[in-house]
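Participant: Given next are the chains, with one letter for each unit.
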Amino acid sequence: MSSAIRVAGVTKRFGATQALAGIDLDVAKGEFFGLLGPNGAGKTTLISTLAGLARPDSGKLEVMGHDVQTDAMAARRNLGMVPQELVFDPFFSVRETLRIQSGYYGLRRNDAWIDELLANLDLAEKADANMRSLSGGMKRRVLVAQALVHKPPVIVLDEPTAGVDVELRQALWRFIRRLNTEGHTIVLTTHYLEEAEALCGRIAMMKAGRIVALDTTANLLQLFSSEATSLEAAFVRVMRQAEAGAPK
Amino acid sequence: MSGFPTLLQREVMRFWKVAFQTLAAPVLTAVLYLLIFSHVLADHVRVYDSVPYVAFLVPGLVMMSLLQNAFANSSSSLIQAKVTGSVVFMLLPPISYVEFWAAFVLAATLRGLMVGMGVFLATLAFTGAAVAAPLWILVFGLLAGALLGTLGIIGGLWADKFDQLAGFQNFIIMPLTFLSGVFYSIHSLPPFWREVSHWNPFFYMIDGFRHGFLGVSDISPWFSLAVVGLCFALLAALTLELLRRGYKLRM
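Read top to bottom, the protein sequences are chains A and B. Residue numbering for the first sequence follows our numbering, starting at 1 and increasing by one per position. Residue numbering for the second sequence follows our numbering, starting at 249 and increasing by one per position.
The following block holds chain A by itself, in its conformation from the complex (with noise of 0.2 angstroms):
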């Protein structure tokens, strides 16, 4: 299997905190992988980590071959990350922010593809509009924007519906269907779970910094079919099995 992204043993502690502890994964080029869990699970330390935001303790971490720390440059050159703060650089307009993450990345004819970024993200009429004068799901979107103006194999998506009404979501996610159909590989957390069950093709669970379940989408919901309709009802069994092993 050709790996988009691979954890081997990573290991990321805050003071007494053990954010991550010990993590083995590995996505596949093309998969669209979700990764879920509870608040404080880690999730969003593990997507630092690899995004290279944060150093872990130990382990290693590569993004479509390249070691994010000894070849930092080329990984996060493979890389889009959607953060899961709503962040915003308030000097600057949609298009002025989305050409100057563009430039960041050596591009700077990229106006063809901007300008389909804002198309497909409903945001052509908001291009010369100051960031501050948004609204929440539209910085939301220059924030997808952002993560994929530099077209990147890997996209990485931290809980980027939140926040964001129904029917954009709706068209987010036919948007990200479809850079996944073209190839791109697609990580992404959310809350959501009916997202992650309609999206995923294969999900890991995480709790207190371990990955607790790792399979496919219907293994997970075959798994728990006696007790399990839905991927909710499988994650909140997942977690409580957790809870339940983990030590005192």
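Among the hints, a few may not be true.
Simulated crosslink set (DSSO-like; lysine-lysine; CA at most 30 angstroms straight-line) [what the hints assert, rightly or not]:
#1 A:Lys29 <-> A:Lys60
#2 B:Lys330 <-> B:Lys265
#3 B:Lys330 <-> A:Lys60
#4 A:Lys139 <-> B:Lys330
#5 B:Lys496 <-> A:Lys151
#6 B:Lys265 <-> A:Lys126
#7 A:Lys151 <-> B:Lys330
#8 B:Lys265 <-> A:Lys139
#9 A:Lys126 <-> A:Lys139
#10 B:Lys409 <-> A:Lys139
#11 B:Lys330 <-> A:Lys126
#12 B:Lys496 <-> A:Lys139
#13 A:Lys60 <-> B:Lys496
#14 A:Lys151 <-> A:Lys60
DEER-style ranges, computed between Cβ atoms [stated by the list, open to error]:
#15 B:Gln412 <-> A:Leu168: 33 to 43 angstroms
#16 A:Pro153 <-> B:Trp264: 30 to 40 angstroms
#17 B:Phe374 <-> A:Gly15: 52 to 62 angstroms
#18 A:Thr17 <-> B:Ala273: 41 to 51 angstroms
#19 B:Val266 <-> A:Asp115: 21 to 31 angstroms
#20 A:Gly40 <-> B:Trp264: 39 to 49 angstroms
#21 B:Val331 <-> A:Pro153: 30 to 40 angstroms
#22 B:Pro439 <-> A:Arg132: 47 to 57 angstroms
Chain A residues, not near chain B, derived (Cβ > 12 angstroms throughout) [as the list claims (entries may be wrong)]:
#23 Gln18
#24 Ala21
#25 Ala124
#26 Asp165
#27 Trp173
#28 Arg178
#29 Tyr192
#30 Glu194
Keep in mind the hints are simulated off the structure, nothing from the lab. Please read these numbers as outputs of a predicted model, since none were measured by experiment. Heads up, the beta-carbon is just placed ideally off N, CA and C, and yes, glycines get one too.
Place chain B on chain A using the hints.
Facilitator: The following block gives chain B in isolation, referenced to the frame of chain A:
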């Protein structure tokens, strides 16, 4: 292609978009200093025998404005990006820590030079355009802007909140600037304070810069150049190491 030109462009666009605050306001402040201090002190402060006090004051004010604005540019840009979280947009792309440093320092130097030039032009009405050695002006202007831009990165990295950065500015940058001979020659100080001034690197930036305007200075511009160059090299090395480690940027 590298992301460096865009990061530099972004840093310049940031201060240019609020030029009223970042360029015009400091020029006005410096002109007010000139009006008040030249009026109050002209007959009381004696500097080099042949140099009128206003002619002595102008290079000091130009350099003081340059220093403060170079520091303000890199430090405020960084703390704003950290506090709002938008720094993530600069950390995710393949921009090396050397490129990051260079973009912030060059933009800070540019803003410092623009403000310095603005102050100089605004003070022409008071002093005329006496420039004895323009190369010294250029060398010290560039070095001082780069040094304070670098110091601004350290301040911006270290501070977690705006008030911490204000403390850095008010308790370190301002005293070092005001006690460096902007408004007086250190030869007019008592021996103890004259000796203390020699330990202030800002003194050498202002004295060397002033030499470019007046052709006279408290000490040799070559010695000042050596001190300022050494300070810049040390601060640049420290800043690059902090950025390489991701100090307060990468968890």
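Participant: It remains to establish, for every hint, whether it holds in the given structure.
Facilitator: Each hint tested on the structure:
no.: 1; hint: A:Lys29 <-> A:Lys60; verdict: holds, 18 angstroms
no.: 2; hint: B:Lys330 <-> B:Lys265; verdict: holds, 20 angstroms
no.: 3; hint: B:Lys330 <-> A:Lys60; verdict: holds, 27 angstroms
no.: 4; hint: A:Lys139 <-> B:Lys330; verdict: holds, 18 angstroms
no.: 5; hint: B:Lys496 <-> A:Lys151; verdict: holds, 29 angstroms
no.: 6; hint: B:Lys265 <-> A:Lys126; verdict: holds, 19 angstroms
no.: 7; hint: A:Lys151 <-> B:Lys330; verdict: holds, 26 angstroms
no.: 8; hint: B:Lys265 <-> A:Lys139; verdict: holds, 21 angstroms
no.: 9; hint: A:Lys126 <-> A:Lys139; verdict: holds, 11 angstroms
no.: 10; hint: B:Lys409 <-> A:Lys139; verdict: holds, 24 angstroms
no.: 11; hint: B:Lys330 <-> A:Lys126; verdict: holds, 26 angstroms
no.: 12; hint: B:Lys496 <-> A:Lys139; verdict: holds, 25 angstroms
no.: 13; hint: A:Lys60 <-> B:Lys496; verdict: holds, 22 angstroms
no.: 14; hint: A:Lys151 <-> A:Lys60; verdict: holds, 25 angstroms
no.: 15; hint: B:Gln412 <-> A:Leu168: 33 to 43 angstroms; verdict: holds, 39 angstroms
no.: 16; hint: A:Pro153 <-> B:Trp264: 30 to 40 angstroms; verdict: holds, 35 angstroms
no.: 17; hint: B:Phe374 <-> A:Gly15: 52 to 62 angstroms; verdict: holds, 58 angstroms
no.: 18; hint: A:Thr17 <-> B:Ala273: 41 to 51 angstroms; verdict: holds, 45 angstroms
no.: 19; hint: B:Val266 <-> A:Asp115: 21 to 31 angstroms; verdict: holds, 28 angstroms
no.: 20; hint: A:Gly40 <-> B:Trp264: 39 to 49 angstroms; verdict: holds, 42 angstroms
no.: 21; hint: B:Val331 <-> A:Pro153: 30 to 40 angstroms; verdict: holds, 32 angstroms
no.: 22; hint: B:Pro439 <-> A:Arg132: 47 to 57 angstroms; verdict: holds, 55 angstroms
no.: 23; hint: Gln18; verdict: holds, 14 angstroms
no.: 24; hint: Ala21; verdict: holds, 16 angstroms
no.: 25; hint: Ala124; verdict: holds, 21 angstroms
no.: 26; hint: Asp165; verdict: holds, 23 angstroms
no.: 27; hint: Trp173; verdict: holds, 23 angstroms
no.: 28; hint: Arg178; verdict: holds, 23 angstroms
no.: 29; hint: Tyr192; verdict: holds, 23 angstroms
no.: 30; hint: Glu194; verdict: holds, 28 angstroms
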